[in-house]
Amino acid sequence: MIQALIDYNRDMNRVFGTCVRIQGTARHLGDSNLEIELLARNGVAEAARLPEGKGRSLLVLAEVLSELPDQIRPDVDNIESLCERLARNTADCSNVVRLYYQLVSSLLKTASQLGEPTDGATRRTKEHLQSQSYLSGGDLEGLESFLSTKDTIATRSRSSSMLNERCRENLGRIGDRLSESEHILCEVFDRIRSILTFGRTARYLAQNIAIEAAAIGPDGANFTNLSRTIHDVVDQLEKNLSALRQSADKGEGLLESLRRRVAA
Amino acid sequence: MKSLILYENGAHRWIVLGRDEKKRSDIIDTNQFAVLTDDGVCLLDPGGIEIFPTVLSELTRYVDPEEVKVLFSSHQDPDIISSLSMWLDICPDARVYTSWLWTGFLSHFCMGEPVTMEALPDEGGRIPVGKSAVRLEAVPAHYCHSSGNFSVWDPKARILFSGDIGAALLPDHEANLFVESFTDHISTMEAFHRRWMPSREALHDWIRRVRELDPQMICPQHGSIFRGENVGLFLDWLESLEVGCAIEQTVAS
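Residue numbers (my numbering), protein chains in the order written: chain A, 1 to 264; chain B, 1 to 253.
If you're looking for bench data, these hints aren't it; they were derived computationally from the structure. Please read all numbers here as calculations on a predicted model, not as lab measurements. Ideal Cβ positions, reconstructed from N, Cα and C, are used throughout, including at glycine. It is possible that some hints are incorrect.
As the list claims (entries may be wrong) - What follows is a set of in silico ranges between Cβ atoms, one per label pair, in the way DEER data are often shown:
1. D236(B) with T152(A): 39 to 49 angstroms
2. I5(B) with I6(A): 32 to 42 angstroms
3. C110(B) with I6(A): 35 to 45 angstroms
With the sequences and hints as input, model every part of the structure.
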């Protein structure tokens, strides 16, 4: 019965799982950010020790690099808080779907008891009502119309109208939560793009550091290592961002599909 | 799901909702009770989340669900009260009564808004239903089986809701709402009580209290209802039963 709603809630729980994965990955981004900051500070200290003239360009590059993490930190922190909001919103939406499912089930139980068993038209209507997805207001209207015309018990008929109204409210709440979730996910994508730009800048600076280090001969050995390590950290950062993007894409796909089903 | 009026005196009514022949076989069968008054309804152990739609649909035969003003939970088990959030969504002003031991636990069954619960002290107390003159009293039944447990007594209707005390695990085809042959009924209760009731002393304390009340009906949350002479037969049988002693059987199996 109302399998569509059960599937719907399963997908909603998957969105929740995706949020948790994004949050986990976002924490790794923070670690990479801190690592780059520490490496850049070491670079600044090393460059300051080099003889005047030789270390000047390296000092400037290391200083620029050391400022990058501060600029990007709000984005990294923001992803975590956005995911927290997204997870809360999704969990809330899942609760509403659960409640909605139970209320629709109750109305369908009542509908199943109405009408003469020998009346073919009523039986067909009941079968039709049982087969609907109840992800749209139209399905609810059909159910309400059947209950109001067939139910002869006054209290139950009144209660059914009230429950139907509750269902409509809950359907509206589900739609609102989904829109909000999509909006939050858009913000997550914006942050991912910012952090990607940061990664590319860090890699570019690391390349320049390597070039400058090569130009100053044996004194630049530490900087060659620094450049290599920064490349490794940015590789890891990009790997995490790619995982994060994949999770966010999946979440977006699920949300889109959920919204399409509610709007259908 | 079957439903039946157990008692009726004007607006004061007791309704049992249970023995659901269409329920899923993996879910334990439960009885829900509704006490209707001229100023609201009290639901006694409103049931688990899985049976909520059926209970709600059946209840609407008798009453507008928004009239539910009290939700009573004899203890903390999911078959008793995991539907709590659903009921509170329909009747958000309903007051939830349970042992002080379980208020923080029952909140785990809620979603969204925090719920204020009426914590019953160990000695029990009155459960008002709106401004109605109907008096419901929480009777201590601790350790029968839960460590914070209450029965509910209605002195006017002379009905005692006993929760898990008197519970029977009936086969699916057994459709009776009332115990017909007490002797035959024993086999459906015995193993349950031996295993689930941990303390003979606690059970005897409850039996003493109930004998003083002298109920005409004892309504458990599982199985059939005791009425007439079966009330006395049940109390006598329970008094003679060795409980909290199923551990040897468990270990042996």
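Quick one: which hint numbers does this structure break? Sort them smallest to largest.
3
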